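First to last, the sequence lines map onto chains A and B. Quick note: the first sequence uses the working numbering, first residue 1, plus one each step. Quick note: the second sequence uses the working numbering, first residue 1, plus one each step.
Source of the hints: derived by calculation from the structure; they are not laboratory data. In this text, all values refer to a predicted model and were calculated from it rather than measured experimentally. Positions of the beta carbon are idealized from the N, C-alpha and C atoms, including for glycine. Some hints here could point you the wrong way.
[Said to hold, decoys possible] Chain B stretches covered by chain A per the calculated footprint, using a threshold of three residues with CB under 8 angstroms from any CB of chain A:
| no. | region |
| --- | --- |
| 1 | 42 to 49 |
| 2 | 66 to 74 |
| 3 | 79 to 93 |
| 4 | 144 to 158 |
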Amino acid sequence: MSIEFRLNSVRLYTTEGIASYEFESDLTVLEGPTGVGKTTLLELIKYGFGAGDARLASVATEAVHDVALDASIGDGQFLISRSLDSAKSKNVRITDLQTGERLPDRPVDGESSLNTFLLDKLGLPDNILAAAQKSKSSKPGSRVTFGDIFKYMYIPQYAINRDIADSREGYYDPKRKAVFELLFKLTDPGILALQSEVNVLNGKIDTADEHLNTILGFLSDSNTSSREEVEQSLQEAAAEQDRAQEELDLLREELDPVVDRQTQAYRDLLTDAERSLAEARGAVLALARERDEIGLERRRVAADHARLERMRDAGARLANIEFSVCPRCMQSVKNRPVEEDACRLCLQPDPVSPGQAADTYELQQLELQLSEMDAQQEVTEQQAAKAERAVADRESLVKNLTETLEARTSQRITPRLQAFSDASDRLATSRTRQEYFEMALQQWDRVADIAAEVESLRTKQDHLKASIAARKAALRAHKDSVLNGIEEEFRRTVSSLEIATVETAGFDRENYLPLINGKVFTKTLMSGGGSMTATQIAYWTTLMSVARDHDTRYPSLLIIDGPRLALNTATETCAAIYGRLVDGVSETPGAVQFVVSDNELPEDYPGDFARIEFNYQNPTISTIRHPGRGRVDVIASVDE
Amino acid sequence: MSIDFDTLELALLRDDLAYHQARVLLLVNAVSKASGHTKKLDGLTKLAKLDFLLRYPALAPIVLEHLSDSDPRLSLSPEEVSTPTEVEAPMVRYKYGPWDDRYYAIIGALVGRGLLRYAKGRKGSVALVATAEGRRLAEDMSAAPKWRALSERSEAIADASSGMTGNALKDLIYQKLESLMDRPHRQVIK
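Start from the sequences and build out the full structure, keeping to the hints where you can.
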């Protein structure tokens with residue numbers, strides 16, 4: 001059983017009115033010369049279903065503003081209307097023709113789109129991912145859309161002589177095969193989802209492996225071969241740090257001057273000695289100042305004394321030199337009578353008798369002062385000398401104590417200095433080593449984590465693979481039956497078509513493509529005489545036929561554009577093709593529907609199937625006047 | 001000046017006067033002997049200025065270009081150099097520099113005793129010359145330890161001031177000891 005998919009009618013709303021086409025027959029041939037718009041009509045159908053990018057002729061984009069498709073899908077019948085206006089084309093109007101109910105509009109893309117609607121009617125979810133199954137792919141695969149399924153329903157003119165459902169596009173292969181399997185129920189969405197997950201896990205495992213290798217590379221560069229080794233090194237470094245720390249503490253204790261009582265005693269003595277030295281120096285300075293002051297004072301007294309003495313001496317010397325002339329009038333006073341003890345000049349009694357010593361009181365006082373000062377000076381000198389001796393003693397003491405302390409310090413510190421420095425170095429080194437090993441340990445932890453993650457991912461993947469295998473195994477009998485059926489039917493059809501260049505025909509069970517002369521279709525270069533077209537017709541009708549006989553989701557509609565185009569000389573093959581198509585619909589009426597567009601039908605085409613004839617006066621978009629033969633660009637030629 | 005001196009004061013005054021006379025005698029004798037002074041001390045100004053240098057011996061090398069403070073005849077102690085105005089016979093600042101009011105009495109006494117005599121000086125000024133007795137006394141004193149220093153200083157100053165007039169000396173003192181002379185009249189120079 002195929003899934004029913006029938007196109008009942010197409011209605012084009014054009015600027016000049018409506019052009020309507022009914023497809024009531026199981027086989028409808030759209031007949032007419034090149035350029036009358038047959039392909040345009042078929043592409044408008046594709047456009048209406050939102051099945052990928054339709055190749056619309058200018059007449060369609062300029063004159064047609066709506067396409068309405070009346071289609072029976074599964075159990076339902078719907079009118080799907082889509083505008084060609086760029087603003088409105090994003091939404092599709094759907095009417096349930098059985099109930100007459102207008103369903104909510106569906107966008108062409110996105111959530112709850114027309115795509116979802118159509119897939120649902122075909123019994124498929126809209127989230128199927130077509131993952132590659134064989135290669136070591138890490139991609140989840142791209143989403144299967146109605147457009148992908150439509151490739152099995154519509155053989156465009158540009159592909160009929162070249163390709164089967166884009167099989168020559170390598171990137172598209174996983175999807176084409178996935179759709180094939182889905183349509184023939186060789187797989188189910190669950191398997192595809194699992195496969196997608198397997199592929200995603202591939203990517204994750206690859207990433208984790210890469211990460212793991214990077215870290216292992218780093219660890220290898222760091223000369224650590226295992227986690228255990230790092231742990232041991234870390235322990236060693238910690239132990240080394242403890243030892244160095246202990247040694248340092250010990251050295252510090254030994255060097256600590258507070259602990260050394262003897263040195264401390266020397267230091268105290270030195271401090272005392274330095275203080276008393278300072279005091280002694282102060283005393284020396286004070287005594288020197290005192291001595292200077294006494295000396296200065298003594299010099300003054302001595303000067304006074306000397307002057308007094310000089311005065312007395314001068315007085316004594318001049319006392320006996322009598323005035324011989326008057327200092328006033330300069331007359332001689334030598335011969336003038338002078339009484340004894342009277343002044344020779346003023347003749348008054350002489351106050352100082354000759355020979356009488358001038359008063360010596362002051363002289364005596366000064367002499368006394370001088371002798372006192374001398375005594376004081378001597379005492380000061382003695383004190384100064386004593387103080388200077390004290391200074392010398394203290395200086396010597398300070399010197400000795402300093403030397404002793406220095407000797408003690410150097411004896412205690414110097415030999416330990418190297419040990420101190422060594423221990424400090426070892427401490428720092430062991431700390432650095434610990435940090436380094438801790439970092440390495442973290443990396444080893446990461447390695448373990450990642451390895452565990454990889455393991456977990458692999459396990460999960462293995463489960464998935466097992467699950468896939470189990471599901472596939474359940475489908476194996478059906479698959480064998482389907483594929484055997486296809487192979488047999490294909491052989492038979494090819495044989496009946498008598499294709500000139502085909503010697504042997506078969507079916508590739510991996511690619512689901514025809515095997516022609518021992519080669520897979522994609523690798524076969526079939527030239528001339530419409531061999532390729534015939535092979536394709538054989539392939540498609542085979543699929544339709546087998547699908548009908550098995551439990552499948554294969555849609556019952558096949559649209560073929562221009563089989564005759566490459567067959568114009570091989571009229572026998574052409575006749576055979578049409579014979580096959582007629583057989584295909586004749587076997588069980590109403591089971592399948594073929595829509596074929598062609599230039600010209602074979603002469604013995606049975607008249608009981610529909611044929612819609614077009615010409616330049618009556619083009620497919622009949623409301624619009626055709627500009628005439630050769631005046632339009634043929635759609636196929638745009639692509640070729 | 002009081003005239004009611006008691007005996008002791010009179011004796012002191014007389015001795016003081018005698019001291020100045022003795023010094024002036026030594027100075028005049030030294031100048032008379034020294035070359036460049038025409039064998040006399042010419043003028044009171046010159047006497048006062050030379051006597052100033054003699055009484056403030058540490059200032060003499062400052063004023064006189066040809067006198068060194070290390071001249072042994074000056075026999076300057078470090079204290080005298082450091083405190084040049086602390087002297088045993090200070091003078092006062094008068095109109096034309098240092099001066100002593102007692103010069104007239106001193107010269108009168110020396111001349112009256114026949115130790116100096118007046119001589120004719122330049123431009124009609126009075127010059128002083130030691131008499132033979134004055135010279136004898138001066139030489140006698142120079143030999144005594146008490147007077148040796150004064151005598152030698154007198155000679156050193158007489159030599160160093162050779163050829164200089166009183167005015168020239170006065171100008172030099174004002175020039176070299178500007179800060180010391182920058183004081184009111186009658187103030188003791190110390």
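Checked hints:
no.: 1; hint: 42 to 49; result: violated (count 0)
no.: 2; hint: 66 to 74; result: violated (count 0)
no.: 3; hint: 79 to 93; result: holds (count 4)
no.: 4; hint: 144 to 158; result: holds (count 4)
In terms of the numbered hints stated before, the structure departs from hints 1, 2, listed from lowest to highest.
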